[in-house]
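Line by line, the protein sequences give chains A and B. Position 554 of the first sequence, counting from 1, maps to 1228 under the numbering used here, and the rest follow consecutively. Position 245 of the second sequence, counting from 1, maps to 267 under the numbering used here, and the rest follow consecutively.
No lab work stands behind these hints, which were simulated from the structure alone. For glycine and all other residues, C-beta sits at the position ideal for the given N, C-alpha and C. Among the hints, a few may not be true.
Stated by the list, open to error - Stretch-level coverage of chain B by chain A, calculated; a stretch enters the list once three of its residues show a Cβ under 8 angstroms from a Cβ in chain A:
hint, segment
1, 104-116
2, 131-140
3, 155-161
4, 172-181
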Amino acid sequence: MAALFLELFSEEIPARMQPRAAEDLARLTAEALSGLSPTNIQTWYGPRRIALAADVNAQVAAVSSTERGPRANAPEQALQGFLRKHRATREQVRQEGDYWVLEKQADAIAATDLIAGAVPGVLRRFPWSKSMRWGGTSHFTWVRPLRRIVCLLDGQVVPFDLRDGTDDGHGLTSGNLTEGHRFHAPGAFEVSSAADWTTKLREHRVLVDAADRKRVIAEGIARIAAEKSITIVDDPGLLDEVAGLVEWPVPMAGRIAGEHMDLPPEIRQVSMRVNQRYFAARSGNGEAAPWFIFAANIDADDGGVAIVAGNERVLRARFSDARHFWDLDRKARLESRVPSLDHVTYHAKLGTQGQRVGRLRRLAELIAPQVDAGEALADRAAELAKADLVTGMVGEFPELQGVMGRYYALHDHEDSYVADAIRDHYAPRGPSDPVPTAPVSIAVALADKLDQLACFFAIDERPTGAGDPYALRRAALGVIRIIRENGLRLKLLLLLDLAVTAARHAAGEHAATLTDERAMRALNDNPGATVLRGADAIARVTRPVPGTDLHIDLLAFEILEFLAERLRVQLRGEGARHDVLAAVFAAGADDDITRLLRRTEAVSAFLGQDDGANLLAAYRRAANILRIEERKDGPHTDAPDSSLLAEPAEEALHRSVIAGLAIGILVHDEKYAEAMAEMAKLRGPLDAFFETVTVNAPEPKMRRNRLRLLNQVRTTMDRVADFSRIEG
Amino acid sequence: MTERPLSFQDLILRLHTFWSKQGCVILQPYDVEMGAGTFHPATTLRALGPKPWAAAYVQPSRRPTDGRYGENPNRLQHYYQYQVIMKPSPADAQDLLLASYRHIGLDPLRHDFRFVEDDWESPTLGAWGLGWEVWCDGMEVGQFTYFQQVGGIPVTLPSFEMTYGLERLTMYVQDKENVFDLDFNGTGVKYGDVFLRAEREYSAHNFEYADPAMLTRHFADAEAECASLLKHDLALPAYDQCIKASHLFNLLDARGVISVTERASYIGRVRTLAKSCCEAWVAGDQG
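Pulled out of the complex, with its shape left as it was, chain A reads as follows (with noise of 0.2 angstroms):
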């Protein structure tokens, strides 16, 4: 074993890249050093440096192996084909039996020539997700300059260069130097080893291990806390960031001006975290304290006295712009903004904000009996959701979207309720973000997301594998999320009609057209759907609703398909059963979200039970059958003739599948407890019907009345959901 110890020394990488290019060049390197067996991987990774160490195999053995070549008795040619192909001469080849064969050598590969070998490499295609070049004429990238190469095997240097034919690479080399703290401790000095490198860049004010940082930062956080009896806003994320801005973390603390603490708290947090990367920090009664955390690169001569009162400084100045729009945004009413809102592009295919908001306040409306709301307050929701766009503080901290919105409708009084919807109606803005509670801003966040959803699906910018460019899985994930954690239960489809419906009409020329393969497709797929052309020359597909006379827009369905398809998704996130959702949904699109969840339960639990294991598998029986013999004589949708029935296991099972009929009708009642224990009793006579009675009975009459059967059990218990859809 041999030990590895490759630094890659640059000028600053964003903090944000750090993590993921140790990550990378850990795996690039394993995979380019695989011959050597890479054991025990170690990376770090800081504002000036990636690094890896790593054990390897001292060399790559030597190995042997015979090819067997063409037949002794193959013309010439052959053979000669063979040695070019291998590289080897007549006189490396004998006779073994009747073919000719080729002992080959491959000669032992020592780590150092190894690694110099296939480092480069690495280099050359290392995944920085922007890279450039720097200097004279090199086409070498690197996400920033790099400026040197520390790469070392047991102590020497395994010697490399990054030329590449007329290429000079930057003139870098492989060599045994690096450095420390840029401001502290200027200048190279050798390494040996990564021990050695780690201790070294300590004495020469670098730490190395991101965790090292954090922890210092932590603990200076804490300092001050105690010091200064504040609690510090708990924020890992900005954690990990400042890490990643310093070598040499100082932590220190700075005040905020006393004039500056009646600025709403999100103004003063965008500017903190976001501008400045600042910890904030609250007082004992949770109140937000005058104080932030901040943490310096260096040990200043002065105690860092200069540092703290810059940092106050910036602070001050950021807080009086801030003041400067918060003061002059509510000098006008926020209403007066809104004819604002028709200038403002919503997107290039899909029209204006002010053009948005018209059909947020109709789909607010509509929701709004749905989910007890008032739909005066909703409608005036709706209209001002967006004005805050057009603020001066919005424009400045685009992050304070909505609510914004909130203090100004506070300040021009504007019905509390309505406020908060202008704030909550972005909510939940991601998968930990609370979801709103509140009627009318529940009104408004389903109108602004379902909306979102019907535009981008008719200009047909839906998301695919490889991206999601509008968040609009993020927001079908929020619909889920507002119908389930409230409860709602909401004509969905119709609502979604309306929202597609207006959609087009936005998208204008640019709505999807329906090519004439689609739509015949959509009618193949689509029994009893309908091709409108409108006098817009918009050819749309619509779809019956079952048991209603509604005619129901075919790209409503397709949204409410992608809504059950992230919701499926979360059940599995959850660890619940998503399959037996995808069954319950396929055995009838319910665009109740709720019901459908509790339909799904229903049958989860019914499965999770002996009997409902049973009858599975029965069912599978049952549908195995049916499978194979309609493949020799079609359907058998007809209903079985009582006169035929002749075993008595036939005929209980008969009287189970007709009193099987009630299922249905519990179902619809939604009372699901009920309907299981009625599947329930199908189990028994099922059962007995494949113990006793022979499906392919000889006479034709009693088979195909015995697979009549079959399929109207199959049909009874489809009805609750498609069980061919279960796994396990």
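For chain A, the structure is supplied; the task is to place chain B on it using the hints.
Chain B in isolation, oriented as in the chain A frame:
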């Protein structure tokens, strides 16, 4: 900073002295209105082609939409950028830059200097590069870019470009909270004495009185003139027209008469001019 802090003009002189010693050509401001020092032909055009080049200059930068009638302590519609370009980028570019800050009184063992990720892109110039914001005690005191592409053309030799916001930097050095309070010359003249009236009047011009119909005409004229000059391979005069068009677009923007769709189209038109000028420059002898 034990002695009296530098005045605004002394700070500029120090930067000139420093970059002059690094072999830069010290140029005077370009005499066409522009939004940023990068537009100066000494940067945009000279960044292209294989000839080495190093220059430093002050460039008045006009950002019509940033005008606040002299009422905001941090925002100006006219301010000064100090611009340095070195091609090819020297291996010690970062060290040079830090030395320049030391030269104006900011010691990196007392002040916390950092290089914070910043990808630079100019859609109007069809240019991009990678680099950092340079932070001093949490404040951005400069922008450092390694140019990768200009005028839609990948660079032959990557340049290092450094832009200092002179007012903001001097405010830091002088510990002032209001730009108009800056000590301009060390003998009693303040920044406001020189520029406050101009900020008020130009803000009114930019936001209220500039004639949109006339600006639109001038834009079309500049665009046409640029194209016609390019027919005669006059890259530099053509590029002046491109800069003018860009500034006219900024004025139209400040007047609030450009819709969002038009905006994208204006930016595209300026980019087309910039690309054509850059191509014409590269086709010539670049001297």
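Now the hints, each set against the structure:
{"no.": "1", "hint": "104-116", "verdict": "holds (count 5)"}
{"no.": "2", "hint": "131-140", "verdict": "holds (count 9)"}
{"no.": "3", "hint": "155-161", "verdict": "holds (count 4)"}
{"no.": "4", "hint": "172-181", "verdict": "holds (count 4)"}
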